[in-house]
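Student: Numbering-wise, our numbering puts 27 at position 27 of the sequence shown, and it's gapless, one number per residue.
Derived by calculation from the structure, the hints in this document are not laboratory data. Worth double-checking, as some hints may not be accurate.
As the list claims (entries may be wrong) - Derived Cβ-Cβ restraints for the label pairs, each shown as a range:
(1) Val361 <-> Asn321: 25 to 31 Å
(2) Gly212 <-> Lys461: 36 to 42 Å
(3) Asn501 <-> Glu297: 40 to 46 Å
(4) Asn79 <-> Glu162: 35 to 41 Å
(5) Glu162 <-> Ala217: 37 to 43 Å
(6) Val125 <-> Leu485: 55 to 61 Å
From the three backbone atoms N, C-alpha and C, an ideal C-beta is built for every residue, glycine too.
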Amino acid sequence: MNYIDHTLSNIVLPKGAEPLGGWDLYIKTPEGSVCAPEINGCLLQGSVDFFTYFNACSLAKWKKYAGIKRVYLHLEFANEAINKEYACTIQFFGRSYLDSAASSLASGVRLTSTMGKTKENGSLVFDLLIPETDYEVIGFALDVRGGVVLEKAYYYARVAEEQINPVKIALCTTTFLKEDYIIPNIELVKNEVLAADDVIAKNFHMFVIDNGRTLDAEALSDEGVTVLPNPNVGGSGGFARGMMEAMKHDENFTHVLLMDDDVSISTESLRRTFNLLSLATGKYKNAFINGAMLVAEEPNRQFEDVSYVVNSGAYASVKSNKYYMDQQQYIVRNEHIDVEIPKAYGAWWFSCIPVSAIEQVGLPLPLFVRCDDVEYGMRAKPIYMTMNGICVWHDGFMGRSRASVDSYQYVRNFLIMIAMTDCSSQDLFMLRMERALRLQLRVMSYDAADLILDGIADYLKGPDYFASLNGEEVIKRNAKKNEKLVLLDELAEPYRNVTYNKRLLGDQSYIKPFLKLMRTLPYDRHLLPDVLLRDTPEAVFYSGLSILSPRTIGTKTLVAIDLEGNQGAVRHMDRERYQQIMDRWKALKSELKERGDEVRAAYKEAQPYLTSTEFWEKYLGLDEADEL
């Protein structure tokens, strides 16, 4: 049996003064110590800690996913001799979930030139066997007297050559008028992945599905990158096109990696994904890998990696959305928590899917946007793998609200998903939608309430109608009902100076639970007589439904204000509109009760065709192109 050394994860040495996400995600240095980028690596002086989000090793997961038991560390220093003048000591550490701090695995080891090997270029190389341990996460620190340049480092394991899985990744990203993101990401892949001197370069291709048709496909495409103009069929349609292109390509890709266009990424996330796929064993050979989303505005905070669907028809994250990855306790906790749970799904900001799974369960549904990744998870029922350092940075979602998406797309698509996959109770979901409707009416957001009903109505029209829709036209039509905000200074005099507690526009955690519960009760101002109402305007958060100031009770006018408190819109009570919405709601509930089973069965029957290559080729107009 032939054994080889296989990289697990690279030690990321930032190349600039302000690395993506901040220094503490890679290397930590106390005051008086130095870690500074050099042309050929990082200059290290003093105490340098590599037990970080990117540079710690998730030992428990490598054991679980790949059967790796012993891990080595490879270090390469520039040709300055490590001697008495430049003394360098290494210390290995480990930590598990219940530990209050990391513990040393053994006494520190002084690195001397006699311990290492000298490469042809003069670099000094050390290969160190990390002490055997049961700690979940391991890392190391260097104590450098003087200064040395660390050129390269990585964790690796010795594995049987026949254990290595053949892996070829097709990265598929769907873009729509996001040139500021997608062009730099294309260049990043070309320069740091495809041009690299490692195995991934020959087993990686990037497909860019251009739904906006604004990219210069000929100029951007080459042997490793293919840019394809595409109709604007939303994220689901773009990713479906990417999957189809990958599966028919002569490279015989094993995995399709779906990634949003408006993200920032470290190429180590791609390499770590490749390495994990190469070494996965047993049931994990066919697992999905989902990358975490870190919040661009708070680049040390992890928002989510894997979520799941609950029976009431809602999403829930497996982990807290407040894991700060510059802190060791959260790094370890993040690796400890098991994401292998029922009804799990991974968002498509970074989701690596085996081609075999696509062949088995089909392509995405033509949902355009919202719930496409959730539905795919419900249909495929995959095992998910996650790991530190496999991530992207994406703008946070706090304060973002578009009723055309958050009301219509969400309601229609979730009902379709329930019908096709039985992932939740339709009755409980409709109870949640009734509450959402009443909350929208409570804050006099009539258009958003109408869009909830539009979503239900279009669902009831069945799969044939759904399949015939032009998603772009639906979005444009519904976008006309999105609330238009203007600068507060542009509002009329009674409204521009409305007073409010700015904390109402953000995190509500400061409110006591009882008061929070009381404020979520969907009381209805429309049922009050005019004599109990007043004209004085009060403020609400334009995208918040649950918690309101008591002062908003009994007013006929609300000023909906954005998260920053800069823009707003005026809402006036409209009793006639309210009654129309309530009458329509009752009619739709009755129709759903009468025809619900019939409609649900029709969607379930239509699912195989709506997720087939035959359907998508017609939907995208590719069958017509082939005929030409």
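Student: Please flag the earlier hints that this structure goes against, numbers listed from lowest up.
Tutor: 2, 3
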